[in-house]
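Engineer: Sequence:
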Amino acid sequence: MPFRSHIFDNADAALDAARSLLSEFGETGEDPTLLVPTSAAALRVRCALADDADAFGARVETPESWIADRWELFGDGRRLVDGVERELLVRRALAEGSSDVLCPEPTPGMIDLASALAREALPGIVSVGGAEAQRLVLGDAERALVDALSRYAGLLGERGLAEASQAAWELPALLPARPLVLLGFDEVPCYLKVLSEALSVRTVVARFDDGCRAPFADARRAPELTSLVGRLYKADADPVEPTGAVRFLVPAGRYAAPALVLDELLDAIAREREAAARQERDPLPAVVCARDPLGLFDELADALGEKGASVAVVATRPFSQTAFGRAFGALVSLVIGKGRLVERATDFALGAFSGMSIDAAGRLDAAWRGDRTVDAARLIRDLSAASSVASDALEALSRKDADGALRALEEGAREAGGLDAASRAEALAAAARARRFVDACDMVGTDALPALPLLERAPCPASAQTPLQGAVASPDAMFMSLSDAAELPMCSVSALFICDLTSKAYPVRVEEDTGTLLLERLGLARPVDPLAAARRRFFRALCAARSEVVCERELSTQDAAEAYPAVMLEELLDCYRDASVGPAEDVDRTTSLPVRLVPFARTAGEDALHENLALVSADVLALGAGEEWDLPRVGEVVRRDRVALPRRASEGSPAIDLDEGRIVLSPSALEAYLECPCKWFASRRLRLSELDAGFGPLERGSFSHSVLKSFYERFREAGGRRVSSENVEAARVLLSETFEQLLAIQPELERSFNPLVPRTAVERAEVRELKRTLLSYLDRECGLLPGFVPERFEFEFGGHAAFSYGGCLLRGSVDRIDVNDRGQAVVIDYKGSLSRDHALAAASPVAQAAGALLPHRVQALVYAQVARRALGLDVVGALYVSYGRNGGVSGAFDRTVLGPVDLPGIDEEGCGAPGPACEAMGAASFSELVDAVEEGIACAVRSLSQGVIDPDPRGGDPCGFCPVPACERRRDA
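The letter at position 683 of the sequence shown is residue 1718 when you use my numbering, and the numbering goes up by one with no holes.
Keep in mind that a hint or two might mislead.
What the hints assert, rightly or not - Subject to a maximum C-alpha distance of 25 angstroms in a straight line, what follows is the list of computed SDA-like cross-link-like pairs (lysine to any residue):
# : residue 1 : residue 2
1 : K1228     : D1044
2 : K1373     : A1358
3 : K1228     : F1109
4 : K1342     : G1390
5 : K1435     : G1390
6 : K1806     : V1763
Said to hold, decoys possible - Label pairs and their in silico Cβ distance ranges:
#  : residue 1 : residue 2 : range
7  : G1330     : E1140     : 29 to 35 angstroms
8  : R1434     : R1722     : 41 to 47 angstroms
9  : G1265     : G1343     : 34 to 40 angstroms
10 : A1130     : G1343     : 52 to 58 angstroms
11 : R1799     : G1940     : 19 to 25 angstroms
12 : S1509     : D1253     : 18 to 24 angstroms
13 : S1509     : R1471     : 27 to 33 angstroms
14 : A1508     : G1330     : 24 to 30 angstroms
15 : R1794     : A1075     : 50 to 56 angstroms
16 : S1055     : R1459     : 44 to 50 angstroms
17 : G1818     : G1907     : 27 to 33 angstroms
Think of the hints as simulated: they come from the structure by calculation, not from any bench. From the three backbone atoms N, C-alpha and C, an ideal C-beta is built for every residue, glycine too.
Let the hints inform the model, and build the full structure from the sequences given.
Structural biologist: Encoded structure:
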């Protein structure tokens, strides 16, 4: 019998024709089967046929369900492979050919391609032998793909499995001759085409298609919508008259779109409620289509709920993006030891399934991030101790028992507090999906853990619904994809919102790959027309609307480039264009719409950032219209008395006579306040610093200081006084030993010591370079301060006994103090590198110090006063000495005692006292300079005590590491 094919104007007309044919079969006592492309279509058709007695006995199935049912009855005993098993076996087939350089790698994309080919036409592909492949002139890549699919077919046979396409090739010879009707197939899969054509030899096979040419007549549909759908895709027809049933939202960009959709959707819901009340019927839902319906639902659901509207979303999300999937993935990462382990462990600890409090999870996170030695074993140990769910799951994973781990995590999901019904349902659905995956792995004989990338991208149900308002039976709005909306019955929704109508969101392009080319060579390809498919989807979605359609299109992309309209939107707009008006004259420049549609368009800019992101509806905005607030400037605080707090002795600490009215500061804190009060407040008082233990200048500096201190102590114990040309080689050996010994204990140090812990090859190379740098520094030590001997290293002050300085209590340590035979001393502050700011001449007025002129770097001069008072030394130099590669000496020194011979490379005029730099500060000698600096700092301490933290950057690069990026006085280096 011939294969009969018919095309109708719309889906309802095609369904009526199919219904009539089913009635004819029913009258003759035949048992027909009606095949539809999707499960949603099957449900819709079953409902339509439920009240038709003539259609009684007709089966309505999808091709997949019908072939599976027929194969179970008439097949050879092999079970049809499911989607998960298919991917796993295809992955193995690709991996088994890895020895062949031409065999494609089992990447996710290649697995998808090979799986699609197997599902479509496996028998037709594996039948291609060597001679046949040569006749068809298959390329190397195509042959390799055929070989991989042949291996896949063998793996199926070994396990008693079969592909649906294999069943479709064999069923025509096994099935009884019963009529078959195909309804609504835009593109018939290859396996179904083979099956139906073979059956048409023995029985009636008919195909009824929706041509999407005109809507089914329905008086309930708004006249403009009827005209629009009837005019769509027709070149020679009168333009549609706009009445407002079709409206347009034209946001300037992505950030303006949600608020615009929110307001229009609330208006549409209100109009439908009023219409339903007048007509004494239940309100119909509005449907919002978006490229990412779940994302748009998340943005709008709360705002809609606050306005009394209930909403639902029909969507899926990849397993790895579900909360359950992230938790499971985190535990797997810890067991296999790959990935950003601390982040994954923290994600699990903070998640709902861990059973841990936020405080407990936060403490673990802080401990892990503050320790660069943390490894997978430590993370597993800590998580297992803190969470019984993690303990059970990790213990199971250590045995490679993925199912046991999933059971433990699923139990945690069932008992987790703080989850709403939708979140718990999504978690349990993801757990069920993962359990099925593990079962499939067991069935095909594959370890689950290595195959987890396939699970990570598996779709999981993510549908959700907010509570219904009042006595209504359905939500006010439903969010779904455009494809799902195209499956809705005619006139079943009040308003249809189609968002993201840009060419990027809805591209129309032909996609060709190795698979499509292979099917073409084998004569198995089906015609694919992306434009026709997009048109059909758009047409059917429009037919679902009863009262209104709203099209949303952004004018700009997120990077401010022009966003081009989708083809469907352009064709819709063409229905309204007047042929007598030129295209350029008919376009509104602001909206890019035909001029006659502008009255039915709403625009929104991205400048109202707060309103857009907060999703505040228009009526709420009206309440605050015209109101203004004065924002405080940076550095302005209300409670100045809390900016700097006096430090009191803690319980158990040495008894220190602390003045209750004075604050305790370090020399570096004083220098930071002088550099910029606001920066000091953010970095020192608020401590807006990096949470993670680092490997940078701070850690390298702390380690270098420790190495130099320990080296000199051991050097003196060995009988050395100072490094000289005679003992420099022995000094290098000692410093090298000291370096390695201290490096070995770095992982054991507390976070407060800023341990230097290299973890990568690059970091280990940096450590080796640092060692070479310190060894080369010893050569410069030979010529530094001849006649002076290093006496004190990391000299601490202000800890056991209070040290008063400049109106505050000072606490800290001096890196090194060198003393000569006359009792004269030089304080040294080690630096990794020096800048012009370290010279005494680099000075400027300090507003917070009553305008006093002070050097940009004052630590060494503060240390000089400490050495004078605490040790009774005659200090003649306050130096910054660089141990870095380029070396250098800077700071301030007494020119009556020291000179360039003592300080090789120093800027004598810029650092010497007396001298112009010293005199500019009102000091005639080095001693007076030290006192003058303290007097200036005393003024700054008073400002600090009073809470003055206005931004006032000083120096070469005061804003370089400032954590206040929005400061109005921020400047580049």
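Engineer: Does each hint fit the structure? Answer for all of them.
Structural biologist: Going through the hints against the structure:
no. : hint                                : verdict
1   : K1228 <-> D1044                     : holds, 23 angstroms
2   : K1373 <-> A1358                     : holds, 20 angstroms
3   : K1228 <-> F1109                     : holds, 20 angstroms
4   : K1342 <-> G1390                     : violated, 34 angstroms
5   : K1435 <-> G1390                     : holds, 23 angstroms
6   : K1806 <-> V1763                     : holds, 15 angstroms
7   : G1330 <-> E1140: 29 to 35 angstroms : holds, 32 angstroms
8   : R1434 <-> R1722: 41 to 47 angstroms : holds, 44 angstroms
9   : G1265 <-> G1343: 34 to 40 angstroms : holds, 36 angstroms
10  : A1130 <-> G1343: 52 to 58 angstroms : holds, 56 angstroms
11  : R1799 <-> G1940: 19 to 25 angstroms : violated, 32 angstroms
12  : S1509 <-> D1253: 18 to 24 angstroms : holds, 20 angstroms
13  : S1509 <-> R1471: 27 to 33 angstroms : holds, 30 angstroms
14  : A1508 <-> G1330: 24 to 30 angstroms : holds, 27 angstroms
15  : R1794 <-> A1075: 50 to 56 angstroms : holds, 52 angstroms
16  : S1055 <-> R1459: 44 to 50 angstroms : holds, 47 angstroms
17  : G1818 <-> G1907: 27 to 33 angstroms : holds, 29 angstroms
The structure shown violates the earlier hints numbered 4, 11.
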